[in-house]
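Chain by chain, the residues:
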Amino acid sequence: MRDVKVTPIKNGTVIDHITPGMALHVLKIIGIPDTGVQSTVSVLMRVPSHKEKWKDIVKVEDRELDKSQVDKIALIAPNATINIIRNFNVVEKHHVEAPDEVVGLVRCENPSCITNKPREPVRSRFTVACRDPLQLRCGYCERITTDVAKHLF
Amino acid sequence: MDFTGRDLVSIRDLSKDDILFILDLAAKAMPVARGDRRSRALDGRILATLFFEPSTRTRLSFETAMQRLGGSVIGFSDASGTSVTKGETLADTVRMAESYADAIVLRHPYEGAAKLAADFSSKPVINAGDGAGQHPTQTLLDLFTIRMEKGEIAENNIVLVGDLKYGRTVHSLSYALSLFGASITLVAPPTLQMPPEVLSHLRETGGRFNQAESLESVIPGADVLYVTRIQKERFPDPEEYRKVEGAFRVDNALLANAKRSLIVMHPLPRVTEIAPEVDSGPHCRYFNQAFYGVPVRMALLSLILGKGEI
Ligand SMILES: Nc1ncnc2c1ncn2[C@@H]1O[C@H](COP(=O)(O)OP(=O)(O)O)[C@@H](O)[C@H]1O
Ligand SMILES: [Zn+2]
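These protein sequences, in sequence, are chains A and B.
Going left to right, the first sequence walks through residues 1 to 153 as the numbering used here numbers them.
Going left to right, the second sequence walks through residues 1001 to 1310 as the numbering used here numbers them.
Hints were generated in silico from the structure; no laboratory data involved.
Glycine is no exception: its CB is placed at the ideal position from the N, C-alpha and C atoms.
It cannot be assumed that every hint is accurate.
[Said to hold, decoys possible] List time: in silico SDA-like cross-link candidates among lysine to any residue, alpha-carbon distance up to 25 Å:
#, chain 1, residue 1, chain 2, residue 2
1, B, Lys1232, A, Pro111
2, A, Lys117, B, Pro1054
3, A, Lys150, A, Gly104
4, A, Lys150, A, Val70
5, A, Lys117, B, Gln1231
6, B, Lys1232, B, Ser1055
7, A, Lys117, B, Pro1195
[What the hints assert, rightly or not] Away from chain B, derived, C-beta distances all over 10 Å, residues of chain A:
#, residue
8, Asp71
9, Glu101
10, Arg119
In isolation and in its complexed conformation, chain A is listed as follows:
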């Protein structure tokens, strides 16, 4: 693999095999640049890949992701792997997995859905209507949300 474009990181997380075009959404999910993250972040887009023709890669130093971030990544990049790097080595590798039920991660595409009514104490809740391409069926209004990346919280 031609992976010499970026300096190796000592500790951190490499999100690999991201669906091409989704790297910027992944950055948003992990809160970059908003949340005052100090660490170095590198983004590789449209890298040739063995498994799928192209992929994006995001590398973050000194950071590990929490569960809701991994769950969101699973929704927009179903083939992504999360690699934990310690002392320059991959010490853990997880394949992301989209859950059957998606709770509190995505906003319903239907503007007149009760879950979009301001101040109503309710978390959005979807079942997976289709995995590829991902389609979520709202547990409240029953409408389908297709553009999941655009409607992530």
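For this one, chain A is given, so just place chain B with the ligands on it according to the hints.
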């Protein structure tokens, strides 16, 4: 069959057997619904009717149903004048209502509102229409009308015409009709055809249906003509509404080619889609249909709140 304390949010909450059970009881409720016989089946029980959107038939027939069974009703028919205008959430309104009443009937402009209400209420919630979403008791009374007027639901060729895109009643009804094995013909202008998710659901459940743009061509084969209003308030774009308003009109000239036994239904209110001349003809059943809302809702209330007796 035990319905005690159950919510009714979507017609899909009910199996075919559940529906038949409700319709059988509704038939037994007819004399009480007409006022020929008295019932105290829900004596002392209180129903809250929370109507955040206007309604005539649905609200009045729920209230009549409850009172015919000896119960009483609290509620509002318009959210103005309630604390909702002060910004109260639906969740809070529902928690208040469940502490005052034994069951809640809810109409709300947001889709999924009844599901939310059911999440927050320990008392049963009956959905009386959530925006462009579900309106299951309308479907039950539509099925009851077909059964009372045609003897059975299956074996009928049922034409649904009008706004099939935004019209919530036709979504639930087509689902239920396919459950019963009726054959369905969908007639709408191209921009108001049945949404793809409803069609794919019909396909999955083995529903027999076809689509047409002209009403004239399907009238001769129809047993039931179900007409809906093209609802101005559901159109995001007024221009889109202008193009299709008045697209279909059911009048005596159109019905001249119909079977003698054809029945014409409409959830009402109608505007111009059915000519007044049809009212006095042999096909009109929409006023009977509006009345059938009472026995059907009596049956439902009795099953959910009482012992399933009338
Ligand atoms: N120290 C490191 N610094 C930056 N990236 C690394 C480091 N170690 C591994 N990677 C990257 O993490 C991803 C997963 O690594 P690895 O498990 O070795 O590869 P693969 O999943 O292709 O078998 C690859 O994109 C690799 O280039
Ligand atoms: Zn929704």
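Hints, verified against the model:
1. The suggested pairing of Lys1232(B) with Pro111(A) holds, with an alpha-carbon distance near 18 Å, which does not exceed 25 Å.
2. For a cut-off of 25 Å, the pair hint linking Lys117(A) to Pro1054(B) stands: about 19 Å separates their Cα positions.
3. Distance check on the hinted pair: Lys150(A) and Gly104(A) sit about 15 Å apart at the alpha-carbon level, within 25 Å; holds.
4. Among the hinted pairs, Lys150(A) with Val70(A) is consistent with the structure: their alpha-carbon atoms are about 17 Å apart, no more than 25 Å.
5. For the proposed pair Lys117(A) and Gln1231(B), the alpha carbon gap of about 23 Å is at most 25 Å, so the pair holds.
6. A hinted pair counts as satisfied when its Cα atoms are at most 25 Å apart, and Lys1232(B) with Ser1055(B) qualifies at roughly 15 Å.
7. Restraint check for Lys117(A) and Pro1195(B): the C-alpha separation of about 24 Å stays at or below 25 Å, so the hint holds.
8. With a cut of 10 Å on Cβ distances, Asp71(A) stays outside the contact zone with chain B, its closest approach being about 22 Å.
9. With a least CB separation of 15 Å from chain B, Glu101(A) remains clear of the 10 Å interface cut-off, as annotated.
10. A Cβ of chain B approaches the Cβ of Arg119(A) within 10 Å, the least distance being about 6 Å, so the stated non-interface status is violated.
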